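Use the sequences and the hints to build the structure in full.
Chains as they are written, first to last, in the working numbering: chain A, 1 to 293; chain B, 1 to 293.
For the record, the hints were derived by calculation from the structure and aren't laboratory data. Model, not experiment: these values are computed from the prediction. Hints may contain errors.
Same chains, same label: a pair holds when it works inside one copy or across any pair of copies.
[As the list claims (entries may be wrong)] In silico DMTMM-like links for lysine to aspartate or glutamate, alpha-carbon gap of 25 Å or less: (1) Lys3 / Asp124; (2) Lys53 / Glu206; (3) Lys122 / Asp57; (4) Lys155 / Asp111; (5) Lys170 / Asp258; (6) Lys53 / Asp280; (7) Lys18 / Glu87; (8) Lys123 / Asp111; (9) Lys170 / Glu146; (10) Lys208 / Glu283.
Protein chains: 2
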Amino acid sequence: MLKVPEHQVAGHIAIDGKLGPLVDDQGRFFKPLQDDARGENEAKFYESFSANKNVPDHIHRYFPVYHGTQLVEASDGSGKLPHMVLEDVVSEYSNPSIMDVKIGSRTWYPDVSEEYFKKCIKKDRETTTVSLGFRVSGFKIFDHQESSFWRPEKKVVLGYKVDGARLALKKFVSSNSPVESKSMPNCAFASEVYGGPNGILAQLLELKAWFETQTIYHFNSCSILMVYENDSMLMKGGDDAQMPRAQVKLVDFAHVLDGNGVIDHNFLGGVCSFIKFIQDILETDTSQLENGH
Amino acid sequence: MLKVPEHQVAGHIAIDGKLGPLVDDQGRFFKPLQDDARGENEAKFYESFSANKNVPDHIHRYFPVYHGTQLVEASDGSGKLPHMVLEDVVSEYSNPSIMDVKIGSRTWYPDVSEEYFKKCIKKDRETTTVSLGFRVSGFKIFDHQESSFWRPEKKVVLGYKVDGARLALKKFVSSNSPVESKSMPNCAFASEVYGGPNGILAQLLELKAWFETQTIYHFNSCSILMVYENDSMLMKGGDDAQMPRAQVKLVDFAHVLDGNGVIDHNFLGGVCSFIKFIQDILETDTSQLENGH
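Have a look at this one:
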């Protein structure tokens, strides 16, 4: 019944006998509780968050629905292990383009071990985490020329500097082939995916407003997942034209801590920087349209 | 003509034959160019900023006016040295209460030397820089019981945790004696200093809005100076009642860098956290008034 997710772009992947998440055909995502405190911490967060009445409904929808934990056969053949049962946020898409962006200008936090601190800050300085307040962790896009998914190598993605991150965010909403590195991404879908009343930008601004005042949780090392339906783009303009159903979801809560009355300025600063990148792409796109390009 | 500033609360101080800033009686503040690249960098920033037409007028007013550099007799007796000539932002106050708050969740930045990085991150972790996104660097308040200024020791201020920072921000706008550590600060001036259309909060929100889009400068290791006239408080309600003239100024630009198209998410996240602290004090103050306390 359970299988390896087709559309995972970051994190542990359940291939080659390794432990990783699984999905069923009912739209559920099974994430193994990691061996150390992290798995427990993430399950504890989902328990707390899903029952938290101080979190408004319009914010709850940015998080995967939580269905408790369940013992299921682990992907690494080690027998039955506890898994968190979550909403599979891409189950209703046919050709989802997906990007995972880790938010924050640091992934470590007060009171971690020196070993963990050193590991994190090294990676934070090597990637765009420090310079941009976010880093692209991985993405895949539907390539219309090839009629198949294209994804850059993890090593390449983690090597992005400022320009690399900007280019990836343009490629993510472009219809020309991502493989040809010399071609400029055309940002054909920018206004539909990033813009509009239900687009990515509007959703990010709603999240940002909540982060300006919420002092309940600190979302250390957490990611924003962006998803949209790429298939429907092909039908654009026809009678059956569909919306791209662009959505933002927050994922990965193994390092969430209590806010203790302080806002999550690390997440907030990062998401503001990310928002500015999206706004810049929308503005360039609009000004090109106005100039007839 | 030049003398040691009476109201400096942080940074190098021109006493005991040391090099530090001086003031004249015309409202000008003379800051020596530090020996290394930092002084040059700060003067370069002031040159660039004061001529920058892309910075709106309502933002220019949060920065000290810059009058160029001038050779003046240094405070350490080493002869004539180049000084930046700046507006002395407290010259028109009789009994200014002043606080210096260093903004950001880090004081280091990409491409600094390992030595500088290590020095900064150690202090950032020891103070509230990492946890709060800001740290109080120093403050002085006019103590009405004693009719004199009170200032906590530098060592004490740098040892603040979350609660210490919150208490300092309350003391800063209280009329009861700051010395009695067991008494709760009464926040008597909170609504006049922090609140209102011209108060600290309104000014911080205006700055924040600019930081959400400006990608010209990154204000590493820069401080927000809060000043208000404490003397006038005594005349409160009388015919000569004065406004506290609360003002926010940004100071210390030795580590400002070009933004290169990226917002200053480090400053922005920190200032948002600081804003939330001010809002919390105003809300407590208002709810206490409503409850008749």
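Here's how the hints hold up against the structure:
1. Lys3 / Asp124: Neither. Shortest intra-copy (33 Å) and inter-copy (45 Å) distances fail the 25 Å Cα cut-off.
2. Lys53 / Glu206: within (18 Å within a copy, 32 Å between copies)
3. Lys122 / Asp57: neither (37 Å within a copy, 40 Å between copies)
4. Lys155 / Asp111: Only across copies: Lys155 and Asp111 sit 22 Å apart there, 29 Å inside one copy, limit 25 Å.
5. Lys170 / Asp258: between (35 Å within a copy, 24 Å between copies)
6. Lys53 / Asp280: Between copies only: 21 Å across, 35 Å inside.
7. Lys18 / Glu87: within (22 Å within a copy, 64 Å between copies)
8. Lys123 / Asp111: Both, since 18 Å and 15 Å are each at most 25 Å.
9. Lys170 / Glu146: within (19 Å within a copy, 63 Å between copies)
10. Lys208 / Glu283: both (20 Å within a copy, 21 Å between copies)
Violated hints, listed in ascending order, are 1 and 3; each of the other numbered hints is respected by the structure.
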